[in-house]
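Each of the two chains sits in its own frame; use the hints to bring them together as a complex.
Chains as they are written, first to last, in the numbering used here: chain A, 1 to 541; chain B, 1 to 196.
These are calculated hints, taken from the structure and not from any lab test.
Covered by chain A, per the in silico footprint, the following chain B stretches (three or more residues, Cβ under 8 Å): (1) 27-39; (2) 65-75; (3) 83-97; (4) 110-119.
Cut-off 30 Å, straight-line C-alpha distance, at most; resulting in silico cross-link-like pairs (DSSO-like, lysine-lysine): (5) A/4 x B/2; (6) A/385 x A/372; (7) A/307 x A/257; (8) A/372 x A/478; (9) A/2 x B/2; (10) B/114 x A/353; (11) B/28 x A/257; (12) A/4 x B/170; (13) A/349 x B/114; (14) A/4 x B/169; (15) A/307 x A/220; (16) A/257 x A/2; (17) A/4 x B/28; (18) A/349 x B/2.
Bear in mind the structure is a predicted one, so any value in this text is a computation, not a measurement.
Backbone N, C-alpha and C define an ideal beta-carbon position, used for all residues, glycine too.
Listed here are the chains, written in short residue letters.
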Amino acid sequence: MKTKRLLLGDEAFALGAINAGLSGAYAYPGTPSTEIMEFVQSDPVAQERGVHSHWSSNEKTAMEEALGMSFCGKRTFTSMKHVGLNVAADPFVNSAMTGANGGFIVVAADDPGMHSSQNEQDSRFYADFAMIPALEPSDQQEAYDMAAYGFEMSEKYRIPVLLRFVTRLSHSRSVVETDSVPSEENANSYPENRSQWVLMPAMSRIRNRRLIADHEEFVKSSDSSPFNRYEDGGDHRLGIVASGIAYNYLQEIFGGKVPFTVVKISQYPLPVNMIRRLYDSCESVLVLEEGQPYIESRLRGILDVGKKIYGRLSGDVVRDGELTPDHVRDTLANIAPVNSGIESPLCRKVSEKVVCRPPALCQGCSHRDVYKALNEALESYTDPKVFGDIGCYTLGFLKPYCAIDTCVDMGASITMAKGAADAGQHPAVAVIGDSTFTHSGMTGLLDAVNENSPVTVIISDNLTTGMTGGQDSQGTGKIEDICLGLGVDPRHLRTIDALPKNHEEMVRLFREEIDHQGVSVIVSRRECIQTARRNASLNKR
Amino acid sequence: MKTDIILAGVGGQGILTIATILGASALKENLYLKQSEVHGMSQRGGDVQSNLRISSSPIYSDLIPAGGADIIVSLEPMEALRYVPFLSESGWIVTNTSPFVNIDNYPDVEGLEKELDEWGNIVAFDMDAVARGLMSPRSSNMVLLGAASPFIEMRQEEIEGSIESLFRKKGDKTVDMNMAAFRAGRRHTEDLLESR
Chain A
1 MKTKRLLLGD
11 EAFALGAINA
21 GLSGAYAYPG
31 TPSTEIMEFV
41 QSDPVAQERG
51 VHSHWSSNEK
61 TAMEEALGMS
71 FCGKRTFTSM
81 KHVGLNVAAD
91 PFVNSAMTGA
101 NGGFIVVAAD
111 DPGMHSSQNE
121 QDSRFYADFA
131 MIPALEPSDQ
141 QEAYDMAAYG
151 FEMSEKYRIP
161 VLLRFVTRLS
171 HSRSVVETDS
181 VPSEENANSY
191 PENRSQWVLM
201 PAMSRIRNRR
211 LIADHEEFVK
221 SSDSSPFNRY
231 EDGGDHRLGI
241 VASGIAYNYL
251 QEIFGGKVPF
261 TVVKISQYPL
271 PVNMIRRLYD
281 SCESVLVLEE
291 GQPYIESRLR
301 GILDVGKKIY
311 GRLSGDVVRD
321 GELTPDHVRD
331 TLANIAPVNS
341 GIESPLCRKV
351 SEKVVCRPPA
361 LCQGCSHRDV
371 YKALNEALES
381 YTDPKVFGDI
391 GCYTLGFLKP
401 YCAIDTCVDM
411 GASITMAKGA
421 ADAGQHPAVA
431 VIGDSTFTHS
441 GMTGLLDAVN
451 ENSPVTVIIS
461 DNLTTGMTGG
471 QDSQGTGKIE
481 DICLGLGVDP
491 RHLRTIDALP
501 KNHEEMVRLF
511 REEIDHQGVS
521 VIVSRRECIQ
531 TARRNASLNK
541 R
Chain B
1 MKTDIILAGV
11 GGQGILTIAT
21 ILGASALKEN
31 LYLKQSEVHG
41 MSQRGGDVQS
51 NLRISSSPIY
61 SDLIPAGGAD
71 IIVSLEPMEA
81 LRYVPFLSES
91 GWIVTNTSPF
101 VNIDNYPDVE
111 GLEKELDEWG
121 NIVAFDMDAV
131 ARGLMSPRSS
141 NMVLLGAASP
151 FIEMRQEEIE
161 GSIESLFRKK
171 GDKTVDMNMA
181 AFRAGRRHTE
191 DLLESR
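Only chain B is shown next, with the shape it has when bound in the complex (with noise of 0.2 Å):
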């Protein structure tokens, strides 16, 4: 198998975290994994993205070439549409709908959202809702987790354990609130994948 996902968001919305669930998994499944990020300046606000390519053969760059992504995997619609050079052309666009508007020349809305409407493998929709409606406001990244993870040949199981072991220490609340976020993003894609 192999997967090379680009995550996206802006600095400060926690895409790393999901790397971290993810890099956790791929070590305890025995897979390869070579996972980029982005510190320092960028990450005060600006467009951050890292790249993380699984993988059952060894893996040799850090980077993924052009037209080489599986998936775009980000927290925000217009960050989504940054990076889709990157895309193979089979790959999927799995993305959160509600912009981060911390610029003043942002795009219009209506537009950006006709423009994902347009893409025929895309998973989209406001997870920032779906997570104040678990009582998670903060979970957001556990939704698209869970959003993007059909699309991820790795066990949910053991999806799950990772996600487990990193929010342990914050207690069985936060433990729970992040699994809900994260099966009901599961549960979207799952739905969207059988009404095709």
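Chain A extracted, bound-state conformation (with noise of 0.2 Å):
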């Protein structure tokens, strides 16, 4: 029995999960992957069975704690934003090496065109240098499917399975024809070969070639895959590779009816054979990808040489970005052979009233009291410097605040003014959030206490995960704890609360300790104000 459901891309991997006998999902959040979790937290079939759902410190505990299960033979996912896999690269490449025991998807979520981040790396690269296999959903419905396919997959061939996910996927609902009664969840069983779990280099050295020769399995399953497909249209003269949601786009753009040959790839390795031939029966190859150019550096190779291949390399695609229809429309009426009835519209432009609409910290967000708190303490000073961190607070770089100096990523606040400090630099004034602090911040102040640099590290709590709207943060009630457990000096860790009638005394408590030379913490406080109407009106109900 099938049910028709309307879902998200993320929402649609967490059922398929769930559905497929999921026993634990654990993640950070992150847009655009926030929602899979939260799915998992409030599906009632989940919570029955008590799938494990709390939100992790960071992406790296997620993906060691997602691995402990699949070692005890249970079904299992971590998911994270894509940068967040840089975050836990090193359980995620060493996960190759153990292999996987329960089945294990480690989903990525990329963000191509930076909606809501700092760069635009391709998950599938991780893949290919981990030789973990990687599966690419072109739509909500390959989602779901591919939940249960990828954990049959890892159970198989006893390894992780990446599935990248892309924000345009992510955050598009469609409706989705979905299993009525869940798959119960695996039983416990451990491992068959313990040796291959210690990654001691005598055992990584068998295993190492293990994987090496496993991959060759993989390049099979990935052209036999019900998600991979030769799609003979009848014109040769050129040929089409198009992966994830940019199979989606070529097909809006011929109506369903592409005249060429087309390769779907959703599953990597890439599939060789079906690549082969396609190259062999075509004149030339457009390659269609979303994210930076996987594929098309793979078929191009450094030499160059054969058949003409058309992308985001050679420039006949855009190469940066979001990849839209537009995109590729644009391509394909410069390059597509003559009569294949591929034309640009006409567009009407937009108005020069239309101007730049950014972005804001929300009207009574205690951001904005610390900020302006902290530049009035800093107009004394000879050149401060403001290092910034990953959250709400980065929008202080903007008007009318121009308050941060950086913004790099998780935790690089605290260990960015370190480093200055021990450049010279004062004031060195760190600002991070209390969600951003337990994930990557609290090692870095270890390093600051050791030394009892000159910093002053403004602990902007709001009490919750603000920017990705409002998950618990876990550090809430227990960040002045952890300061003086890392060995702060309990003199100069003050906290205040965030408010407009605090004002005068947070100025002056920013210039006290910015005049402290030694490490100094300080917790302003204040609930964010989304959460804080969110929970004003669940508590008038």
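Have a look at this one:
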């Protein structure tokens, strides 16, 4: 029995996993992956079964927790945004060496176009060098189906499977046919080969050879995958390799009837035989892929000999940013053989009256009060530098505050402030949120404490993970204790309610601690205005 | 049938509620649907849009190609104009005329209204005022949904049923207020189309 449901790509995968016997989900919030975990947290079957769905402190802890569950034979996934995979890269790459026991899917949600991210990295490269097979759904139905398929594949080959989302699929809804009856969870079982899970050099060398040998099997699996297809449209002047969501844009442009030969790719490593067949039968090749030119660079190689290959690297497809049906149409209008019926439409121009409307901190947000006070406190110093971090408060870079000098990655505020202080910078101020602090700020603070570096760390604690929509923050109620435990001098661990009425006191406190020649931590605390409103309306009901 | 809609507004205005209601209606009518939306940073007061595609045959792309949209449905006048390259030649704009000013360089409102007036296929009125008149100031988005509904090939009862189910848990009063807002918006467009 099938039930039709309207689901985001993220939700479709989560439901697919639950229906395939998921026992635990592990994640740290990050756009565009957040809704995967949120779906598990709200799903009645998952709740009734007690499927693990508590947020983890960061992506590395999440990945390792999931690997532990897989070790015990259970089906599990970990989900994160693409840059989260950097944080979890160590366990990810090494999980290829241990292999999986219970089905293990690693979901990485890429953000081409950088809707809400600091770079455009493409997770397919990670799967490649870790020698882990990857799946790339082209639509919501595949996102659902690939959960069960991915678990089966993971258990068949005893290997973690990467599932790559892109923003446009993560955050797009469609009707999905779902199973009405969820499968049972796996019983506990332990890996057959004990030594494979102890990555000492002697053991790893044996395993590495096996992993290399398995690669052939993964390629065979890709060549016969239900998600990869060879479609002969009849016209062999052009062959098109289209992966993931790019396949849909191609179909859109031709109204579902592509006249050329197409290889649709949604499973990696690349299906070598399908691609060779396309290359042999066509005069030239166009590669359409969302994200970085992963497939194209492999097809082209550095020698670039043989038939003409069009793609992002050749300049025939837009080199960066999110792919759209319009890009695909423009490329085809330029390169397709004559009489292909591709025309770019006449479009109206945007009026000059339309101006940019950048995002901003909410009215009533406590980060506003922090930046206002900090700017005033820093007025009396020459060349103060403020090292920012990842979260809503990154918006403090924009007008009216223009308050931060850097934003790099989770936790980099504290460590960069320390490095700057080592270089003689003063004031060196770090601004970090509570959730980012427990994600990756704590270890950096320990470095600063160990050298008593003259840095001022402001933990702007709004009691939630705000930017992603208000998920539980793992440090709530523990921030001061964590700082004390790391060795921060109690006389220089200060707390203040970040309220407009405390402005003068906040300015004074910031100045005092900036003047202290050692580590200071100021916890400025007030609940996120969004979660406060939401909680108030829930309480009213 | 096929209706490609661009929903536009400013983060936090409530365009995703419109998408949720139309999505639920499409599911009940057994139609195909794709609805792409924006989460994350831009939801904090930036410009937001959602591509909503409803069709009786399969839909390939989650994004509407340029020049392909049947309607732009906007809660904010400047935001309506941001997406005109996506509008088809015969497409309509349905927009609230009450500006949401959260930036220093917001264009002069009179000039903006003049530009909207020059569009042939347009339904533009102050939906905030209509919502306030109904003592339901937060229902501008339902006025907008109502005003756009005559352009969407979907039965009115089906859309109203989805409004009812979405607001049911908030009580009868909330359902009634949103329904009244929807109907007021719908009437406005019907009257306009009749007088043309």
